Amino acid sequence: MLKNKSILITGGTGSFGKQFVKTILEKYPEIKKVIVFSRDELKQFEMAQEFSPSRYPQIRYFLGDVRDRSRLDYALDGVDIVIHAAALKQVPAAEYNPFEAIKTNILGAQNVIEACLEKGVKKVVALSTDKAAAPINLYGATKLCSDKLFVAANSYRGSHDIKLSVVRYGNVMGSRGSVIPFFLEKKNTGVLPITDPKMTRFNITLSEGVDLVLFALENMWGGEVFVPKIPSYRILDVAEAIGPDCKKDIIGIRPGEKIHEEMITETDALNTLEFEKYFVILPSFQPTWSIDEFKKTFKGEFCKYGFRYNSGENSEWLSVPDLKKLISENT
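Those letters in the sequence shown? Residues 1 to 331, per full-length UniProt numbering, in order.
One or more hints might be untrue.
Taking lysine-lysine and the BS3-like style, the derived pairs with C-alpha atoms no more than 27 Å apart in a straight line are [stated by the list, open to error]:
1) Lys325 to Lys198
2) Lys148 to Lys229
3) Lys32 to Lys122
4) Lys122 to Lys296
5) Lys299 to Lys122
6) Lys33 to Lys18
7) Lys229 to Lys299
8) Lys198 to Lys247
Pairwise CB distance ranges, derived in the manner of DEER restraints [what the hints assert, rightly or not]:
9) Ile136 to Phe99: 14 to 20 Å
10) Glu114 to Pro29: 19 to 25 Å
11) Ser284 to Leu25: 24 to 30 Å
12) Tyr96 to Pro29: 28 to 34 Å
13) Glu46 to Ile251: 29 to 35 Å
If you're looking for bench data, these hints aren't it; they were derived computationally from the structure.
Values in this document were obtained by computation on a predicted structure and should not be read as measured data.
We put the beta carbon where it would ideally sit given N, CA and C, even for glycine.
With the hints as constraints, model all of the structure from the sequences given.
This is the structure:
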């Protein structure tokens, strides 16, 4: 799939980007070029210690910001595939600095789309979040806008031979800024701060997230939002798995937080196909391809009326032993 292809990852020095680069360098040794596009020169320097151009001649490090359209044009010259992972992701920071989140997550997304159209990119997969479904915080709202931009771009691509799709999933276990590294750090204090004892979240590992993006790249028709079937966890079970002897201090939810996350709303479900291991939210407008053919090809059916995919109502849960095992393997 990636043989002799050039691929660029925006936000490539983040947790996902590093895992994605590691995976494709190992899995596709005949890949032509891997471009890590990000704005932090220190993170690029640190990443280059592990993935150095001398050891991996395919890799390039390209300083730039998705807010800067002209820089994207330079970076995308000759690129076949783009994985858009760049975003401002911290909920409280976005609440306090709203337009900064808008400039990166919305205007930056449109810059990526326009540059990909102009530079002849063939496939684009944008990373989304469960917070984009029925958003109540600015981060989620900006990612919903971003999702809509990537989906809609398929309808005005004209003669450009390009497909753009979205992958939406929940909390990534062990990623920077997530609850598990935070609890591991706080464990030594003897106190774990709990926002709300009823809180639940979807969970996916970094390697599973990478696999889903690769699956989307191989199977995308353009305009879909891919949603994996993944387990949920209870925040109290995470605390128990990490610090069973720690005091659990209930501090209340932060601004813009939900008790339960949702990846498919009841309204989204009206336009969602269910498959064995994932869901696909179809474009709200008629796509350029046949929905019936899509259903037949991947053997999917529309979700039942009233369905929604919610972390608090999930059918699959991680137990405390499950969490202990996953934490030891992924942190």
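Structure-based check of each hint:
no.: 1; hint: Lys325 to Lys198; result: holds (23 Å)
no.: 2; hint: Lys148 to Lys229; result: holds (22 Å)
no.: 3; hint: Lys32 to Lys122; result: holds (15 Å)
no.: 4; hint: Lys122 to Lys296; result: holds (24 Å)
no.: 5; hint: Lys299 to Lys122; result: holds (25 Å)
no.: 6; hint: Lys33 to Lys18; result: holds (15 Å)
no.: 7; hint: Lys229 to Lys299; result: holds (16 Å)
no.: 8; hint: Lys198 to Lys247; result: holds (17 Å)
no.: 9; hint: Ile136 to Phe99: 14 to 20 Å; result: holds (19 Å)
no.: 10; hint: Glu114 to Pro29: 19 to 25 Å; result: violated (32 Å)
no.: 11; hint: Ser284 to Leu25: 24 to 30 Å; result: violated (37 Å)
no.: 12; hint: Tyr96 to Pro29: 28 to 34 Å; result: violated (44 Å)
no.: 13; hint: Glu46 to Ile251: 29 to 35 Å; result: holds (32 Å)
In terms of the numbered hints stated before, the structure departs from hints 10, 11 and 12, listed from lowest to highest.
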